[in-house]
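S.K.: Each chain, written out:
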Amino acid sequence: MKARLAGATKGHSLLKKKADALNMRFRQILRKIVETKEEMGRVMKASFFSLAQAKYATGDFKHTVFDSIDQASLKVKASTDNVAGVRLPKFEAQREAGGAADSKIGLIGLGTGGKQIQECRKSFVTAVDLLVELASLQTAFLTLDEAIKTTNRRVNALEHVVKPRLENTIAYIKGELDELEREEFFRLKKVQGNKKKHTEAAEALEAAQRAKGGGAVGNGARENKAANVLAAEQDADIIF
Amino acid sequence: MSGGAELFALIVDQDTATGLLLTGVGQVDIRKRANFLIVDDKTSQQQVEEAFKDFTTREDIAVLLINQVIAGMIRHLLDAYTKPVPAILEIPSKDAPYDPSQDSVLQRVCFMFGES
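So the protein lines, in turn, are chains A and B. If you're matching positions, the first sequence starts at 15 in this note's numbering and goes up one per residue. If you're matching positions, the second sequence starts at 12 in this note's numbering and goes up one per residue.
So that you can see chain A by itself, here it is in the shape it has in the complex (with noise of 0.2 angstroms):
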């Protein structure tokens, strides 16, 4: 029971550690996102003020675009990050050279205006960099909002519920033996104490007896009572 409690203590005292380094890392990304996001607002009004300017000098070129998608050149990788046992998604924006979108979409334009095209391009592509990341932040949010929570219920389950009552058993067993141990003691005593009376007692009779006569007489008297206890005997005997 005692090995119990100390590992409830003990795995308690874990969990604490670790929601602390949760919560840490928590609100690190809780301030990084606030950031990115407002970061990402900027950006992407720049990218969109580039797209206007890549329209202005091209005309509407969207169809092309829309056309021109086959495969995707730019993709996300996934990896996981461990923190306290905590597996977090991270996103990579990861980038295929060379692809034939790739090629496809550098030539968009080429006619008029390619340059501003690639300009816009190029700012899109910082945008999503930081979509990627800001991505990756919210992710990482919401899965430590969630191990968060559940680190915590635990911790709160061994110190409010577990603890109490592996102490309670505890305190119950001690009480219980301290009784036993008193009602030991206290028989003890007892026993002690009339072993005493008695001992006294036929220290008592004896003393009388000796008093009484001389060392022969004593035993003949000692025969005599024998006897009698005998006979007692034998009577209870009849009437059983």
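Treat the hints as calculated values from the structure; they're not laboratory data.
Here are a few chain A residues that face chain B, going by a calculated C-beta distance under 7 angstroms: (1) G55; (2) L88; (3) A92; (4) P103; (5) R135; (6) L148; (7) A149; (8) Q152; (9) T153; (10) L156.
Backbone N, C-alpha and C define an ideal beta-carbon position, used for all residues, glycine too.
Place chain B on chain A using the hints.
M.R.: Chain B only, in chain A's frame:
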């Protein structure tokens, strides 16, 4: 989830789509299934909802980008969505600048900050 690269998904208006597709995030597979939905005036809310459900259940998509205006249309779906992957990002569109107070994730972030 592990190893292979995954795709973006887009539910965006035309201008945003143009810009993002320029970077090469678009993909149309053999069955002509695209990883983006371009929303214009004619697109109904139901179409958007269906695309959202489709993209969030597809396994090869890691990040879903959605214009904030469009996200507002299907806010109930976004609020009900709790899975970490694919991550949903609300991005500003050309006509509407970014408004942090409407972002469901950012709302939660602010709530946490206010709470703690």
